[in-house]
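J.: In case you want the letters, here they are:
There are 2 protein chains.
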Amino acid sequence: MTTMKTAPAGSSKSAPATDRVFNFSAGPGVLPEEVLRIVQQDVWNIGGSGIGILEHSHRGKVADQVFAECDADCRKVGNIPANYKVLFQTGGASAQNHLVPMNFMPAGTTADYIVTGHWAQKSFDAAAALAKFPGGAFGTANLAFSSKDKNHSYIPSKDQLKFSSRPAYVHYCTNNTLYGTEWHRLPETPAGVPLVCDMSSDIYSRPVDISRYALIYAGAQKNVGPAGATLVIIRDDFMEQGGRFIPDLMQYRVFAPEFSRPNTPPVFAVYVMGQVFKWILRSGGLAAMHKHNEAKAKLVYDVLDSTKFYEPHARADSRSLMNITFRLPSDDLADRFVKEAKAQGLDGLKGHRSVGGIRASMYNALPRAGCEALAQFMREFERKNG
Amino acid sequence: MTTMKTAPAGSSKSAPATDRVFNFSAGPGVLPEEVLRIVQQDVWNIGGSGIGILEHSHRGKVADQVFAECDADCRKVGNIPANYKVLFQTGGASAQNHLVPMNFMPAGTTADYIVTGHWAQKSFDAAAALAKFPGGAFGTANLAFSSKDKNHSYIPSKDQLKFSSRPAYVHYCTNNTLYGTEWHRLPETPAGVPLVCDMSSDIYSRPVDISRYALIYAGAQKNVGPAGATLVIIRDDFMEQGGRFIPDLMQYRVFAPEFSRPNTPPVFAVYVMGQVFKWILRSGGLAAMHKHNEAKAKLVYDVLDSTKFYEPHARADSRSLMNITFRLPSDDLADRFVKEAKAQGLDGLKGHRSVGGIRASMYNALPRAGCEALAQFMREFERKNG
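Protein chains in written order, with this note's numbering: chain B, 3 to 388; chain W, 3 to 388.
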């Protein structure tokens with residue numbers, strides 16, 4: 003409800019507040035400090051209502067405004083076409099893993115999955131597990147590709163994708179948080195096949211052509227808000243194809259009217275998401291966000307490319323702007339890296355056990371100064387231990 | 003993470019902060035002001051970590067502590083036996099309406115539903131709708147009772163309940179938010195039949211014997227927190243009976259390990275719930291909360307009983323301590339009541355359209371002074387308009 007004017011994200015102030023650290027967590031992750039300051043006020047009393055945002059009825063005027071603005075701002079940020087709905091759900095991206103096939107992979111159909119990492123694998127597994135339903139209620143999940151052969155260190159080329167003849171949809175995940183890889187193009191899918199995408203860890207980090215997708219989903223807790231809300235962007239005609247025998251609250255169409263309030267929604271998480279959309283708009287939108295994120299990632303990739311001390315996990319053409327993964331000469335050194343970085347106010351750098359080493363997550367809200375500090379720390383650490 | 007000492011709830015200060023009003027919203031509803039002050043700090047920087055509660059990894063040390071304390075405090079408040087799990091889920095009580103029968107009403111079984119209001123009806127409808135699944139994956143829902151004949155103004159007697167021969171479970175709802183009725187005893191169910199209960203609007207408003215239930219669920223947004231988390235208390239042996247062919251994230255057992263984090267949980271909503279549990283404990287626990295709520299409700303019921311101007315909806319023996327519903331001689335007068343009350347800082351009093359008139363919701367966190375002010379306003383309003 004509060005409005006502020008600020009400089010573009012790229013020129014944001016050079017250090018966090020003195021009682022805050024640089025947060026490289028893979029998610030839930032860093033939020034803009036401006037947004038946190040607004041939240042602090044609105045938790046007590048939002049818009050002069052005498053009631054905090056946590057305490058307002060989800061059917062009242064304040065919630066109406068929060069949801070309408072969140073929808074409008076989400077559309078403005080993503081330039082979302084009018085024939086798409088923006089839905090605010092719960093359960094995280096993980097719940098979408100079964101909701102998508104329960105809606106769109108009915109008995110007798112096949113859905114294709116491109117697996118480029120841990121989360122894409124989970125999406126495929128959840129679709130495949132529907133075969134356990136008695137009575138053959140659902141269709142079949144087909145593995146169109148997996149990069150497991152090289153521990154998910156790369157994004158496949160066009161000729162590596164093996165689609166089934168007429169898939170109900172193709173599912174992929176744009177950014178692989180654990181492995182630090184990211185799609186920099188759309189997968190080359192058969193003409194006319196609906197494309198479904200898990201964008202949890204890079205949504206709104208760069209411009210996106212929504213019109214190429216039938217359904218996009220994203221857990222909010224990386225680039226667009228706190229844990230507790232799931233953003234779904236869905237094309238109207240695809241939404242209407244969804245199964246009608248599954249429970250109402252599992253059908254996307256039920257969330258479409260009145261800004262996703264068929265039941266009590268996660269008001270606060272949606273409210274924070276709305277504040278993040280406003281912050282993106284004030285910061286210059288997705289083009290500015292992309293430039294900001296490219297510049298940040300370059301600071302760290304430049305260090306990786308200048309030495310053999312650090313070993314990047316992702317193949318060079320598959321590198322993520324959101325999560326940078328690399329190993330050190332030994333596990334002991336990696337542990338020391340994490341500890342010493344934390345002591346210098348660089349938090350959350352420990353890599354996932356499936357890759358080891360270091361993972362630096364650099365979502366929209368991480369200031370450029372955080373990446374400068376990390377790059378400098380990496381050079382220093384190499385000088386002392388290389 | 004912050005600890006505070008305060009006087010019992012019954013003696014809480016007589017008025018809200020000058021920039022806050024008395025909030026009679028049916029939910030999401032009022033939270034303790036002490037809790038909001040703690041939230042304001044922790045959103046910026048929790049426990050000196052340099053990172054706010056919205057930005058911490060759900061697998062990190064801060065989240066570990068938040069979830070462990072929330073679990074422990076929830077158990078302490080409710081005196082929950084060791085053979086029960088406390089689960090923190092999403093989707094609200096409405097999602098439980100299909101999750102319960104999908105887990106516990108397998109093909110060939112019947113589950114009995116006692117319908118005493120809008121939400122109990124929705125629970126029954128969601129269970130009955132599972133008949134639409136192809137292949138007969140689920141069982142049958144049986145209506146054991148409905149108070150629809152008198153617009154849900156009463157709680158049934160023992161002899162009005164008509165159970166099926168061997169139900170898989172009996173489901174009921176303790177407090178009927180829209181109608182202002184509440185169960186003041188357990189329903190007399192057949193011996194050995196698991197009892198499932200929606201306690202969304204009166205959980206932890208009074209002592210509860212958890213051991214009588216197989217499963218209790220509650221949307222957090224009335225007595226125990228903000229919207230966005232659902233509290234589930236489930237007996238171990240019952241949990242293990244749950245269906246294994248439904249998606250993992252729909253199986254209760256999947257939430258049991260590691261404090262409900264099979265996927266990214268709604269960290270903030272659980273954190274606030276934990277702060278509310280601490281507040282209940284500081285306020286003297288459920289016995290004190292019950293006394294506090296009885297005293298508050300009496301202030302308003304005494305006005306209703308002293309006049310014919312206001313017409314209570316609930317039968318006297320079925321009155322709720324949480325939601326008081328009554329009508330005025332005309333709709334115009336009711337509208338004026340709501341407007342004038344709001345002008346005096348008494349917010350959220352408009353009744354639900356299915357009952358009309360006024361609904362005053364008086365959850366744990368509503369101070370006694372709010373009920374005193376409402377009772378006084380009611381007397382004044384009658385004097386001027388009676």
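Don't read these hints as lab results, they were simulated from the structure. Wrong hints could be hidden among the right ones.
Heads up, the list lumps identical chains together, so a pair's fine if it works in one copy or across two of them.
[Unchecked claim] Here are the simulated DSSO-like pairs of lysine-lysine, each with C-alpha atoms no more than 27 Å apart in a straight line: (1) 341 to 164; (2) 63 to 78; (3) 124 to 63; (4) 152 to 344; (5) 124 to 293; (6) 341 to 63.
J.: Does each hint hold? Answer for all of them.
T.: Now the hints, each set against the structure:
Taking identical chains as interchangeable, the C-alpha atoms of residue 341 and residue 164 are never at most 27 Å apart, the minima being 44 Å within one chain and 64 Å between chains. Within a single copy, residue 63 and residue 78 get their C-alpha atoms as close as 22 Å, which meets the 27 Å cut-off; across copies the closest is 37 Å, which misses it. When the C-alpha separation of residue 124 and residue 63 is checked against a cutoff of 27 Å, the pair qualifies only between copies, where the shortest distance is 25 Å, while the shortest distance within a copy is 39 Å. For a Cα distance limit of 27 Å, the shortest separation of residue 152 from residue 344 qualifies neither inside one copy, at 31 Å, nor across copies, at 64 Å.
For the identical chains of this complex, residue 124 and residue 293 are neighbours neither inside a copy (31 Å) nor across copies (49 Å), given an alpha-carbon limit of 27 Å. For the identical chains of this complex, residue 341 and residue 63 are inter-copy neighbours only, at 15 Å across copies versus 48 Å inside a copy, given an alpha-carbon limit of 27 Å.
Checked against the numbered hints listed earlier, the structure breaks hints 1, 4 and 5; every other hint is satisfied.
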